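Let the sequences and hints guide you as you build the complete structure.
Each chain, letter by letter, is given below.
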Amino acid sequence: MANIHLQDVEKYFADNYVVRKLNLQIHDSEFVVLLGPSGCGKTTTLRAIAGLEEIDRGDIVIGGKAVQNLRAADRDIAFVFQFFALYPHLSAYDNIAFPLRASGQSRSVIDTRVREVARAIGIEPLLHRKPSALSGGDMQRVAIGRALVRRPKAVLMDEPIGALDAKMRETMRTELKRLHLENSSTTIYVTHDQVEAMSLADRIAVMDEGVLQQVGTPMDVYRHPKNLFVAQFIGSPVMNVLPGRLLAEGGRMKLFLVDAAEALDFAGPVPPQSIRTEEGLMIGVRPEAVQVARTEQAGYIPIEAHLIEPLGAYDIVDLKLGSQFLRARTASGFVAGPGQTVWARIDESQTHFFCPQSGIALEAPR
Amino acid sequence: MAHVRLQGITKKFGSHAAVSDLDLEIADGQFFVLLGPTGAGKTTTLRLIAGLERPDSGTIYIGRQNVTGWTPAQRDIALVLQQFSLYPRYTVRENLAFPLKSPARRLARSTIDERVARAAAIVRVEHLLDRKTDRLSGGEMQRVSIGRAIVRQPRIFLMDEPLSNLDAKLREALRAELKDLKTKLGATFLFVTHDQIEAMSMGDRIAVLNAGRITQVGTPYEMYNEPNDVFVAAFVGTPTMNLLPAEVKDGTALATAGGFEFSLDGAARERFANAEGPLTIGVRAEDIRIGPREAIEAVAHGVENHGVEKIVTLRINDCLLRATIPAADPIAIEDRIRFSFVPERLHGFDVKTGLNLRRRQ
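Going down the list, the protein sequences come from chains A and B. If you read the first sequence in the working numbering, its first letter stands for residue 1, the second for the next number, and so on. If you read the second sequence in the working numbering, its first letter stands for residue 1, the second for the next number, and so on.
In short, the hints are calculated from the structure, not lab data. Mixed in with the good hints there might be a few duds.
Said to hold, decoys possible - Restricting the straight-line Cα-Cα distance to at most 27 Å, the calculated cross-link-like pairs of lysine-lysine (DSS-like) are:
| hint | chain 1 | residue 1 | chain 2 | residue 2 |
| --- | --- | --- | --- | --- |
| 1 | A | Lys167 | B | Lys169 |
| 2 | B | Lys352 | B | Lys310 |
| 3 | B | Lys101 | B | Lys169 |
| 4 | A | Lys226 | B | Lys310 |
| 5 | B | Lys169 | A | Lys226 |
What the hints assert, rightly or not - Simulated restraints on C-beta separations:
| hint | chain 1 | residue 1 | chain 2 | residue 2 | range |
| --- | --- | --- | --- | --- | --- |
| 6 | B | Ser164 | A | Gly337 | 27 to 35 Å |
| 7 | B | Arg118 | A | Asp165 | 48 to 56 Å |
| 8 | A | Asn16 | B | Ser85 | 22 to 30 Å |
| 9 | A | Ala166 | B | Ala104 | 24 to 32 Å |
| 10 | A | Gly280 | B | Pro330 | 49 to 57 Å |
| 11 | B | Gly63 | A | Asp220 | 50 to 58 Å |
| 12 | A | Gly122 | B | Lys249 | 27 to 35 Å |
| 13 | A | Gly333 | B | Glu261 | 28 to 36 Å |
| 14 | B | Arg5 | A | Pro88 | 43 to 51 Å |
To be verified - Now the stretches of chain A that chain B is said to cover, found in silico as 3 or more residues with beta-carbon under 8 Å:
| hint | region |
| --- | --- |
| 15 | 84-96 |
| 16 | 174-186 |
| 17 | 213-222 |
| 18 | 257-265 |
| 19 | 301-310 |
| 20 | 313-324 |
Please read these numbers as outputs of a predicted model, since none were measured by experiment. We treat Cβ as the ideally placed atom computed from N, Cα and C, and that holds for glycine.
Printed below as a string of structure tokens:
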């Protein structure tokens, strides 16, 4: 067990500045997810911690000790890849036992540890099988078992369930989370899938273009994104972001969304006047914060439903605001069909404001 | 009119039948989605319609014509694939114009310009017309690929996983754009995907394909709410529908792995009339009620925060069930929690055939 501190870590591939002054403190036993699109630097960061990449500047400190000059094998870290790197000629048992044998443990210690780990990851009945006789999910369980069996200081995982089908991913998410609670090893997990990040992480570190954008609990990054990138990377369907303006009219705040025929009353907290510039704001609203009614309601504006995406448990309805759309999440079948007029408002407490130039969130006083 | 009909189509590769005795009907102007896992025969079906494969038996009609023996070019179909096949050294404009410059078409320069401009406007790449395609983002490239299909004004668009290589945000945006495109062009679309969200959100109708056979054809609503069998039930919807083995006796079900009982009387009776003996019972995550007064006790085995809501995995002995709860619910792993099922939303499936009990009646 160990904490992991990244201090001003920088990495170039030739002229390509892929990790930019990264600072991240991961606590002992914490499950941290590095989340971002492909090319954001998350995998490079993970590989640098593992010792599979050298860094150009900065420190990687594991359990109080700077390790950036140590070889991968000397860092006492286990790595799980997306593609199960199992020995095909060895049984699941021997695959899991392999790292212990390599370090010269006694046979009885090995047997106890292998069975303990196998029980934790639910593959005890499969221990005699060769990888070719295992399903994708079971292979990845074995790979994870092999990583945990050494009781490393930290476990690093690079999209470990990305290659599995949707149903298996759901199951594995629950298992990984429980496994972490049971053996509480410090875990760093890389993914581009925000659902995985939200489901698994104690804290999420969102990266884009080599820059750490925000670190926080899942609820924190979902509810209080620090910038437009985080706001639109986390959550599905994607947060609506529309240009708009907040103006005081007759003692009340009014929100003018781009192209909307009518302004909305806005009773919630607003960013200070000083940063509500002439060019207006970017207004962010998640689809579940767009409230839709079938009939006219006070405080709602009439708006045309352009298209409806039925997703089973709920629908996503595109509401037409001139040339732009506001997507709302409604109960299944709530809006009968495209072309219908419905009434909508947005929930002030779930409305975000961003600076149109920098994309930085303008926090209203909470 | 671009109505498509497949009748008794079988296609084998060696001894493996990729598609077996397939019947399929796509109405003119429909957005039709073929949904299934890898290897289900979706792409083969699409390639058969395009004329890139010949069926071993069966007939393909487009409009009223039997096109089984026709070449791809004669079929007047446009194909959009997962891998954007654009000419990298050419501009967007040249790529869009390319299909129109074939000598066989003999189109006037002004007609070509007009069609390119129109297609560019539809897929919103007007501002990129003079850019080389290797300078485009993935989403822009896929828009140009679709634009290149549009300029030809085909009767039918065939699309094979065109959104799979794009990131989540772009996929969402293009889903809506493609659906919109169908409305604007009034053409027939056949869209192949393994992603049930794409199928649900875009399809006027969906055909679920499994191991070369069609399991169900219907609207997204029907797929989700009235699945024909266990395969469709489990393939459509996230989280995956809970499927629990049960033993039914006198209107009461005993969940085998869970050891708990629940009634199939009352609101559930219509669907479970005469059900007796072993049965698979399906219940969606949102059809599980959670609350202190509910009938069955469980332990929270896992809790996932999805932002808009949470998914809690309930453990009752050896049985795991996923339920949707509000995001603000403070449930933690290993908490005790009570639940029950919304009776009218339960599905019964035959243990052997996997068929929904409704289909027996």
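Now for the hints, and whether the structure bears them out:
Between A/Lys167 and B/Lys169 the CA atoms are separated by roughly 22 Å; this keeps the pair inside 27 Å, and the hint holds. Between the alpha carbons of B/Lys352 and B/Lys310 the distance comes to roughly 34 Å, so the proposed pair goes past 27 Å and is violated. A distance of roughly 35 Å separates the Cα atoms of B/Lys101 and B/Lys169; the hinted pair therefore is violated under the 27 Å criterion. Of the pairs offered as hints, the one joining A/Lys226 and B/Lys310 holds, with about 22 Å between alpha carbons and a cut-off of 27 Å not exceeded.
A threshold of 27 Å between alpha carbons decides the hint, and for B/Lys169 with A/Lys226 the separation of about 18 Å falls inside it, so the pair holds. Hint check: B/Ser164 to A/Gly337, Cβ distance near 29 Å, so the stated range 27 to 35 Å holds. Look at B/Arg118 against A/Asp165: about 40 Å separates their beta carbons, and that is not inside 48 to 56 Å. For the pair A/Asn16 and B/Ser85, the supplied restraint of 22 to 30 Å holds, since their beta-carbon distance comes to about 27 Å.
Hint check: A/Ala166 to B/Ala104, Cβ distance near 44 Å, so the stated range 24 to 32 Å is violated. One distance hint, 49 to 57 Å for the beta-carbon pair A/Gly280 and B/Pro330, is violated here, with the actual separation near 38 Å. Distance hint for B/Gly63 and A/Asp220: a CB-CB separation of about 57 Å, consistent with the stated range 50 to 58 Å. At roughly 31 Å, the beta-carbon separation of A/Gly122 and B/Lys249 lies within the given 27 to 35 Å, and the hint holds.
The hint said 28 to 36 Å for the Cβ distance between A/Gly333 and B/Glu261, and at roughly 32 Å that hint holds. With their beta carbons about 47 Å apart, B/Arg5 and A/Pro88 fall inside the hinted range of 43 to 51 Å. Coverage of the region 84-96 of chain A by chain B is violated in this model, with 0 residues showing a Cβ closer than 8 Å to a Cβ of that chain against a need of three. As drawn, the region 174-186 of chain A meets chain B at 4 residues by the rule of a beta-carbon pair under 8 Å; at three or more, the given contact holds.
Given a C-beta distance limit of less than 8 Å, the hint that chain B covers the region 213-222 of chain A holds, as 3 residues qualify and 3 suffice. For the region 257-265 of chain A, the assignment as covered by chain B is violated, since 0 residues bring a beta-carbon within under 8 Å of that chain's beta-carbons and 3 are needed. Counting residues of the region 301-310 of chain A whose beta-carbon sits less than 8 Å from any beta-carbon of chain B gives 4, enough to reach three: the coverage restraint holds. Coverage of the region 313-324 of chain A by chain B holds. Counting CB-CB distances below 8 Å, 3 residues qualify, and the rule asks for three or more.
Hints 2, 3, 7, 9, 10, 15, 18, counting from the list given before, are not met by this structure.
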